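Trainee: Let's have the full structure, built from the sequences with the hints guiding it.
Chains as they are written, first to last, in this note's numbering: chain A, 1 to 537; chain B, 1 to 212.
Everything labelled a hint here was simulated from the structure, so no lab data went into it. A few of these clues could be false.
As the list claims (entries may be wrong) - Covered stretches of chain B, going by a simulated chain A footprint (3 or more residues, C-beta under 8 Å):
| # | stretch |
| --- | --- |
| 1 | 33-45 |
| 2 | 59-70 |
| 3 | 81-89 |
| 4 | 138-150 |
Everything numeric in this text was worked out from a predicted model, so none of it was measured. Every residue gets a Cβ at the ideal spot worked out from N, C-alpha and C, and that includes glycine.
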Amino acid sequence: MSERIGAVPATYMGEGSGPRAWLLTTDHKRVAWLYLVALTVFFFLGGAMAVLIRVELATPAGDLVSDDAYDRLFSIHGIIMVWFFLVPSIPATLGNFLLPLMIGARDLAFPRLNLASWYVFIFGSGFTLYSVIAGGVDTGWTFYTPFSTMFSNSYVSAAAFGVFIVGFSTIMTGINFIVTVHKLRAPGLTWFRLPIFVWTMYATALVMVLATPVLAASLILIVLERVFGIGVFDPGLGGDPLLFQHLFWFYSHPAVYIMILPGMGVVSEILPCFSRRPLFGYTAVALSSMAIAIFGFLVWGHHMFVSGQSAYAGLVFSFLSYCVAIPSAIKVFNWSLTLRKGEIAFETSMLYALGFLGLFTFGGLAGLFLAALAVDVHVHDTYFVVAHFHYIMVGGMVTAFMAGIHFWWPKITGRMYSETWGRIAAIVTFLGFNLTFFPQYVLGFLGMPRRYHAYPPEFAFWHILSSAGAVVLALGYLMPLFSLGWSLFRGPRAPDNPWRATGLEWKTTSPPPPHNFDETPVVDGPPYRYPLAEDGA
Amino acid sequence: MSGAVESEAFRDAERERQADAFGMWIFIGSEAMLFGAVMLVYLTARMAHPEGFGEASSRLSLLLGTVNTAVLITSSLAMALADLLVKLGRRRAAAWALAATALLGLAFLAVKGVEYADEVREGLAPVLGLPFAFEGADPRGAQLFFELYFASTGLHAAHLIGGLAAIATVLATWRRSTDAACLRRTRAVGLYWHFVDIVWVFLFPLLYLVHR
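Mentor: This is how it looks when you write it as structure tokens:
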């Protein structure tokens, strides 16, 4: 705790409070808040769609919504969750807030670009929401051709165009992060002294900058085909519908790493802190993030094993998909060894981080099943795939997001929240998640295809389990909304470093002053120097 | 020095200039992936329809395409001069060089417009429901060629217009800006302009020189 006497210290939150001061801010910490509010809205919007889906699937008959409405429900659930929540989630909120703090900078390199990225995001996502209100999209989040270009009579162009615009926002964030890490590190902060969170943000930003434009190209070609009749994906016009899948997955597989790398960064900060141990194998963890970013570009074909691509291409993509599991496994082993002989404290964010560790591992191992050519043919487009990516995206990334929000909440808001309610929510989320998605592995293996609103009665048992789990899971996500919301106004004041954590962000006040540090910090050693001297170890 | 920085994140102007140029390089990397994807689509279609693409390509105006290539490369020369002049502190001359760059860019767009108009008149524009007629061995391949021709040159033209807007913005604030700011912006805009030029250097042989 710093010695504050009398006057309240200046914080970024006190710098003007009208809508103008927030909506025209270039302070990275306030832009992070703008994103946090927008993303929370999208998360619960997408979540509401998921609840409707699970309610429909609680009975074998398609009785709540029509098949057409069901297609629209899961499409918009996917589009919102992938592009308007998962891709920006940790980078645009925690990354925006913490990246400059962690490297001892006053702001991101391009503060105005940062604010502009939020407006582009709002404009693009609003455009897509318009398409939902106007009548919806029934292509699924993948916009597969030729269905999306030739047959779908839903609002594909508007939805795709909105996602295209949001892509620019992603690229803006990516450029900002890369330049910031290169050019604004504090004196003494060499690359191998960076916290892993910064490494993962850097790797994520690289993927954002290099993969998103390919998505832009493929989506704009869909819009051109629908609006102007340019038929590159239309076999009737001499085009090739499979080409879309290649372009789409060239983006969307790396985008999976946009969605998981930041989560890996978050738990790499939390696990050492709450086990009072330095991160095991720092260099390997740092470099494995880069390896994931690079290998992630070479595995897109594993989404296309049954598409009719050549068997040799399938073999190579299968092999490379196993290779990309290696850096992920390196991380899991290093996280586990960090816990060894640690003094583990089960604070809320630690519970979430441990949940991440288990769920990510479980989902990742299922990924190895899917990387195997023959197994993939059996479970392709079944609930097995649905369960796999929800274990990574929800069990992994959303859990890590919750972990990070709880870990840095005192720094962001200057308030403490109720540990008791936080821990209960973390456990409820973990149980609810497994109850929702584990049955889907079984369903998939039994042959239940994805994207159907009705199913034979023999699948009912597992579907009912899954729907019941969704209710628990929804409760788990609503609890923090209230407990954190309450703490924002009523929570006790947070000290500068409530978790006795290392890292430059804990050296400044909670919440930080407008320019982060009163004087530029100087770094003289590696990160994660646990246990601290004051721990009495 | 500290008065010369624009973004509060930086403490000195030289660091900010490096960061701006570096940021532009990253953006160019991203743009290269965008055009790379479009060219990949083009090449895939061309492998499927070698005959149609060859025939269709020979209907483009090689003369206007060549003139435009020369115009655009000359505009890059003017941009390089602007960069040099501003570094030497000759800001007035540099502003003229930037204006010349922009004028050559406009000339490129004008010639491109003439080409588009000719192609529409000859019934070679299979977009927006315009009439399209092509006599040859593979009219479907030819149609795909023209679709991709309009898509890729249109995308390039949109980027060129973006570059013109950037130059106009730099010139509009030229007199009020510090030397450091002028240098930083000219560098960044210049990098972008050269990139758009290089994209054309790839598009020109891909589109105009298929069977020559």
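Trainee: Would you mind marking each hint as holding or not holding in the structure?
Mentor: Taking the hints in turn, this is what the structure says about them:
1. Counting residues of the stretch 33-45 of chain B whose C-beta sits closer than 8 Å to any C-beta of chain A gives 9, which meets the bar of three, so the coverage hint holds.
2. For the stretch 59-70 of chain B, the proposed coverage by chain A is not satisfied: 0 residues have a C-beta within less than 8 Å of a C-beta in that chain, short of the threshold of three.
3. With a threshold of 8 Å between beta carbons, the proposed coverage of the stretch 81-89 of chain B by chain A is violated, since 0 of its residues qualify and at least three are required.
4. Three residues within the 8 Å Cβ limit are the bar, and the stretch 138-150 of chain B against chain A gives 7, so the coverage statement holds.
When held up to the earlier numbered hints, the structure conflicts with 2 and 3 and fits the remainder.
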